[in-house]
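> Sequence lines, in order, name chains A and B.
All letters in the first sequence, in the order written, are residues 1 to 159 by our numbering.
All letters in the second sequence, in the order written, are residues 160 to 325 by our numbering.
All clues given are correct.
For lysine to aspartate or glutamate, the following DMTMM-like pairs were computed, each having C-alpha atoms within a straight-line distance of at most 20 Å:
no.	chain 1	residue 1	chain 2	residue 2
1	B	LYS239	B	GLU267
2	B	LYS211	A	GLU151
3	A	LYS135	A	GLU41
4	A	LYS133	A	GLU24
5	B	LYS252	A	GLU24
6	B	LYS315	A	GLU52
7	B	LYS183	A	GLU52
8	B	LYS211	B	GLU236
9	A	LYS15	A	GLU41
10	B	LYS315	A	ASP31
11	B	LYS252	A	GLU41
12	B	LYS211	A	GLU155
13	B	LYS183	B	ASP294
14	B	LYS220	B	GLU236
15	B	LYS254	A	GLU41
16	B	LYS293	B	GLU267
Here are some chain A residues pointing at chain B (derived, C-beta under 7 Å):
no.	residue
17	MET34
18	ILE50
19	GLU52
20	LEU72
21	ALA94
22	GLY98
Residues from chain A that keep clear of chain B, each with C-beta distances beyond 10 Å, as calculated:
no.	residue
23	LYS105
24	PRO114
25	TRP116
No wet-lab data here; the hints were simulated from the structure.
Keep in mind that this is a model prediction, so the values were computed, not measured.
Positions of the beta carbon are idealized from the N, C-alpha and C atoms, including for glycine.
Each chain, letter by letter, is given below.
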Amino acid sequence: MWQTVEEFRDWYCKKGFPLRPPFENPVFYTDNAMSLCLFREGQFQVELYITEPHSTSPKHTHPGVDSAFVYLTGNIQFNLEGRDNPDASQWQYAKDNGAHALFGKTVSSPDGIPHWLLIGKEGGAFLSFEHWKDKFPISVTTNWEGEPVGEVHAEILNK
Amino acid sequence: MYNNVEQFKDWWLKAGRPLRPPFKNPIHTTDIAYALCLYREGQYQVELYVCKPNTQSPMHKHPGVESVSMYLTGNLEFTKDNGEFVDLSQYQKPKENGAHMLLGKGIEVNDGNKEHALRIGNTGGAFLIFEHWKDKDPVSVTTHWEGELVGSQHAKTIEASHVANG
Numbered sequence: 001m002w003q004t005v006e007e008f009r010d011w012y013c014k015k016g017f018p019l020r021p022p023f024e025n026p027v028f029y030t031d032n033a034m035s036l037c038l039f040r041e042g043q044f045q046v047e048l049y050i051t052e053p054h055s056t057s058p059k060h061t062h063p064g065v066d067s068a069f070v071y072l073t074g075n076i077q078f079n080l081e082g083r084d085n086p087d088a089s090q091w092q093y094a095k096d097n098g099a100h101a102l103f104g105k106t107v108s109s110p111d112g113i114p115h116w117l118l119i120g121k122e123g124g125a126f127l128s129f130e131h132w133k134d135k136f137p138i139s140v141t142t143n144w145e146g147e148p149v150g151e152v153h154a155e156i157l158n159k
Numbered sequence: 160m161y162n163n164v165e166q167f168k169d170w171w172l173k174a175g176r177p178l179r180p181p182f183k184n185p186i187h188t189t190d191i192a193y194a195l196c197l198y199r200e201g202q203y204q205v206e207l208y209v210c211k212p213n214t215q216s217p218m219h220k221h222p223g224v225e226s227v228s229m230y231l232t233g234n235l236e237f238t239k240d241n242g243e244f245v246d247l248s249q250y251q252k253p254k255e256n257g258a259h260m261l262l263g264k265g266i267e268v269n270d271g272n273k274e275h276a277l278r279i280g281n282t283g284g285a286f287l288i289f290e291h292w293k294d295k296d297p298v299s300v301t302t303h304w305e306g307e308l309v310g311s312q313h314a315k316t317i318e319a320s321h322v323a324n325g
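My request is simple: use the sequences and hints to build the entire structure.
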């Protein structure tokens with residue numbers, strides 16, 4: 001049905017964000033974020049991440065996973081190694097309909113490119129679209145290469 | 160468009176579950192759950208709650224907020240009128256499409272005066288709560304809470320909300 005994570009993302013958004021959280025492995029949490037898988041089909045899934053205010057994630061990758069992030073709300077700075085990472089603080093305002101100015105903006109994060117997040121005092125929420133190329137999807141929280149977010153995350157990674 | 164919370168829920172589902180988190184007051188966290196407002200319009204909103212495994216809320220209520228919840232996934236138990244938890248263990252299995260057997264099931268309307276509690280099992284869980292705020296602008300039922308708090312993080316979130324919103 002989809003060949004790339006961008007095709008999956010576009011399909012999901014055009015379909016009107018279908019909500020079909022799986023029975024298996026739907027919820028994960030770390031020291032400063034929680035995730036819910038909203039939809040999973042084959043090697044593709046989309047996870048909703050909700051993060052606490054003032055949280056950060058160290059530079060990391062998700063081996064074997066192509067990702068595309070879609071901004072929902074809050075104060076989130078996505079950073080990709082080797083790319084221009086514009087300061088998101090300039091877009092911290094509401095649109096006329098009350099949504100965040102960055103709502104719907106997307107950032108692709110190909111497999112192997114390190115990325116990291118900075119979250120402001122408002123916290124933040126985003127969608128993580130994922131194509132798991134060589135294993136069944138669980139959560140990028142557990143498929144993580146790099147320094148963990150904190151002690152809770154480290155414990156999850158060591159399981 | 161809608162005159163009560165059930166009409167709002169039906170409208171939101173039929174309209175294709177429009178996703179439009181607000182800029183203002185979108186996220187609230189407690190010791191056991193994180194909430195994101197998915198859509199807010201006037202006195203109505205729908206929040207998504209993601210809950211940590213093996214946790215429980217004390218009995219509480221949300222005065223002035225009419226609400227109805229909808230099950231998404233995980234091992235969640237809500238209380239009945241008598242305060243006892245409904246045993247949903249028989250439904251802890253997937254449907255053929257991989258979704259939870261209880262996906263989409265509703266919990267009866269709460270007029271805001273009925274005390275309730277939530278218990279979460281070892282998989283964690285998630286649900287939607289549709290809300291009609293009858294006499295004030297919507298923020299989050301996390302902060303509009305009467306009863307014992309979930310924990311220290313919950314107390315901080317309520318305090319921060321009061322500072323921001325008065």
